[in-house]
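Once you have looked at the hints, place chain B on chain A.
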Amino acid sequence: MFMKLKIILMCFISFSALWAAPSSIDSLGLPEVPENRYQLDEWEKIDREAEIWYTFYTYYKSGEDEVKHGLWIERTRSRDRERHATDFEETRKIYYEGEVSVHSVVSIWINGVLRQRDYILSEDLRVTVKFNEQGQEMRGPKANARGGRAKKERIIRVFNDVYNLTN
Amino acid sequence: MSTEALLDIMWILLCAGFVFLMQGGFLCLESGVTRSKNSINVAFKNIVDFGLAVLLYWVISYGLMFGSSAAGWVGTDGFFYTISGEEAPFQYSVFIFQAMFCATGATIISGATAERLRFYAYLFITAVFSVLVYPFVGHWVWATDYLGNPSGWLAEKGFLDFAGSSVVHSTGGWVSLALLILVGPRLGRFDDKGKAVEIPGSNMPLAMLGTTLLVFGWFGFNGGSTLSFGGGVPLILMNTLLGAVGGMTVVLGFIPITKKLPDPGLVMNGAIAGLVGVTANCNLTGPVAAIIIGAVAGVIMLGTVRLLEYLKIDDAVGAIPAHLTPGIWGTLAVAFFADAEVMGLESVDRMSMFETQFIGVIVIGFWSFCLSYVLFYLIKKFVPLRVSAEEEHAGLNISEHNARTETLFLLQDMEMHARTGDLSKRVRVEPFTEVGQIARQYNKVIDTLDLTMSRLKSIFQDLHDGIITFNSEGNVLSMNPAAGKFYGLEPAMAGGLSAWDLLVPESRDDLEVHQPVDHEPFDPFRAGVMQEIHYFRKNSRKDEVVEFVASKGSFNNEVIYTGLIRDVSETVQTKRSKSRLMSKLVGAQQSQFYAGMCKQSVPVLRNLSKRIYDLSLSLPRTIPDPRLKTLENDAQEILHLTDDLRYVEMQGSLPVKEVALAPFLENFLQNLVSEAKYPEFGETKLSIDLDDNSLQALVAPSALEQVLEILLLLSCRESGVEKGVVVKLESCYLDHPLSGTEVIPAGEYLTLHLVDEGEGIPEAELDEFFEGRDRKYKDIDLAMAESMVRHMNGFMDVDSTLGEGTTLSIYLPIARDLEDPGEPEEAEATVMLIDDHRPITRLVSGLLHKIGYKVLTAETGDRALAKMKETAVDVVLLDLILAKDLQAREYTFRQIHERYPEIPILVSGGEVDAQVLATVIQEGAAGFLEKPYVPSKLLHMVKREAMAKKNA
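Protein chains in written order, with the working numbering: chain A, 894 to 1060; chain B, 252 to 1203.
Here chain A stands alone, though its shape is the one from the complex:
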């Protein structure tokens, strides 16, 4: 009897070790702040006529080569050139020693108000936050489910921190 119980418990422990709580966000590999480096330079380009009217990234020199390291931003305007500063889509990525991250953040501004932000962890996994015309977050009923919101907020908080979106 006790032997059977022991075997069952051992099986449970083995399964537990294999599955190691995959429902946790810890298993996803959240964005990490790139390692600090000295002599990190910034590159910025603003061209109001171009569709991608704003480009920004940081880099350091390795010999003659530029190695991107840190935040990378690209803003694409709508068709109305005049409204390029108020109606655009922004994509942020992170470079790690020249390697671009899997994750990214895509934000959409309309009439100067942030209306949507997608925190993309991978191709299939993203957290989308929508805002109304006043810039207030719009949640669905499910967003008020206990615990889920906290989990989302923690993801967002990590992205915001890494992608410098707190301002």
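Hint data in this document are derived by calculation from the structure and do not stem from the laboratory. The beta carbon of each residue, even a glycine, is placed where N, CA and C say it ideally should be. Please note that a few of the clues may not be correct.
Pair by pair, the computed Cβ-Cβ distance ranges are [stated by the list, open to error]:
hint, chain 1, residue 1, chain 2, residue 2, range
1, A, Gly956, B, Pro485, 51 to 59 Å
2, A, Gly1005, B, Leu503, 48 to 56 Å
3, A, Asn1057, B, Ser598, 29 to 37 Å
Here is chain B on its own, set in the frame of chain A:
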């Protein structure tokens, strides 16, 4: 780790602490509102269910609840929950917080089913709740995927239960309800008519402290459910607070309406109901909505209390009214009161939301109730869930934990007093405790009671009158020593004896009831009426009369009778003696008158009869005339009578001579029948039983004939023609004076009994039977007959039973023919004669002296032993019934036999108890001589034993 992340962890852990504090709150609340005899059990269950629930939660339930979802029904991983990495601190905090919730749900069941469940059954119930009920429901509502999106099927439908109105509180309530239906109410919760009987709590202040702790802990319960510390927390805490206040105040508001005094238990449950009500929605509503939800929850709680009483469901702490129905209400209230702005929505589709919430409530209720009901029903088939009635009565502290408290000690000591009635011991006093104060005061009461009881007991013990108590079934409960002494019983052995068997026994060896036939039948339950009971004590051959008066009382609804038994034998005897003395005085006066007349007439009568006799003899006998012979006989009889009368006048007694009674009687009865002096003698059948008796009595034959004629005439008339009369001759030895209608001294007698089968004589008339003429047959002068027997040193007695007949007895002294034993075969033998009847001592001594034996005499065993120390003895002749030595019988025999086993002991006696005789013979008595002694047999046996002793 960021500051925000650390803050979240700190907040969750703090709230987990708050929720843990709710365990303490439940412990205090449940212990306070239940009885103190179960308090340890209730508190203990609150501790152990926490331990068991958390352990199981870690092993399996957390995985089932929050593991990767299988189609939204159940989690499939995260068992033996272990995690590493950056998120570990946060995840462990969440686990701790969630584990507290699981323990809280289990504790709800503990309160509802308190005071009746077996401890191990409760542990099993906790396990079922923690593994099979709670994690499944929790998964449906609270499980999320990697990104925090709902993964439980109910949550995906949009079901909202923020902190667990349904998931925790309703679930616990549903399981409690299933259990309560299965195990039933506590003993005494509902009376015979089904009306609810309030079972008061043992410590309401403690219960109130528990409620306070619960309200405090609820801030963590709801506040921590955000699992992060953000701006929404203050509103949640605000709503929590207002929900409690709403629930409590609405119950208070109902007090004036119901015109009842404030019930602390209801008010406390009102607060808890309000808290449960806002738990599902406190993150989605505003303060106004919160206070309304709380108030409605309070009203629902009151209604549920009434409903449960109506359904005769006994919820010990009101867990169902406080958790189940307010939980359902709170869950549904989300649809009514959810604020779109707070929810971050444009608008709320309340109908759709209500539909979802309603489905959720039904499904959760169905799962929790049905699953637990079926499981517990099956378990109940094999293992009892509930303690026995005795254990419940004693309290679960004792029956389940063998726990001891000062209250228990006090109750045990008081129970001992109640059970044994022994007030000599005092209850234990625990110093510096409230119970100790009660015990001290109780001991003071016992001191006074003991003193009063001692005084009463002293009276009860020392009273000469007997006192017995018996119940309505006639079972004797107690008796005092006087009653015990009278009936020859130890008072302690009286318990269980029937009052009938004690007072009017049917089969006792030593005591017979001789209740007069004309008396009403004895009834011990006839209170207030004095009844007489007549006894005959066989050993002492004494008549005894007691007066019995019963009084009726009650104690603890049981009817108790007290009977006073007063021995009035002496009073009755004195009355009878007085009556007899008066009769005798009157008789003496009459006798004196008759004596005077006789004195004058006897010489004349004698001369006349002498002349008639002489004349008759002188007449010529040529012609035989039978009349002459008759005349001659009559004259001769008158001459004898007048001679007797003169003898009596001169000597004070009749001239007696030794007459062998058997032939005398045979001759007398034959003449009586043939002469047919009275027709009765010819008509009535006479049976004669002379027992081959050859002993002689000292009698005056003519007087005895007169007496026999008178008595026989009476017996024949009484029996009538159809029935007969028995004339019986016996010899007897009376050891003790025979007390009846006449006191007859001890001695050897020939007894003549005339037994008829007539109607009998009433007892009241027996005392004065020989005082004058017979009451029915006035021509029969019984006083004369009795007087004549007395003048022969004899005695008369009468015994009669109404409806059965009468026995007339004449006791005549035996005439001893001292045989000449001849020359002694062996001289120099010494005999120790132990007998307290001096005439016998003299007779036996004379016999033994004649054959040259030396005789030592003693009246008691002790004196005999003293003499035997000084003088060697060859044979002991011991009377087994020594009136002067109450310890005689086998005791004296044993004493002599143990000290002098070589000396043969002959035992003797008249009516010796067969058992005593058997005992002494078995123990080595040389032989038994029956009294009255036959001299030849006596001498033969003494000689035989003396010879044997010499030869040995």
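Structure-based check of all given hints:
1. Taking 51 to 59 Å as the suggested C-beta distance range, the pair Gly956 (chain A) and Pro485 (chain B) conforms, at roughly 57 Å.
2. The beta-carbon spacing between Gly1005 (chain A) and Leu503 (chain B), approximately 55 Å, falls within the hinted interval of 48 to 56 Å.
3. The beta-carbon spacing between Asn1057 (chain A) and Ser598 (chain B), approximately 35 Å, falls within the hinted interval of 29 to 37 Å.
Violated hints for the displayed structure: none, as all numbered hints are satisfied.
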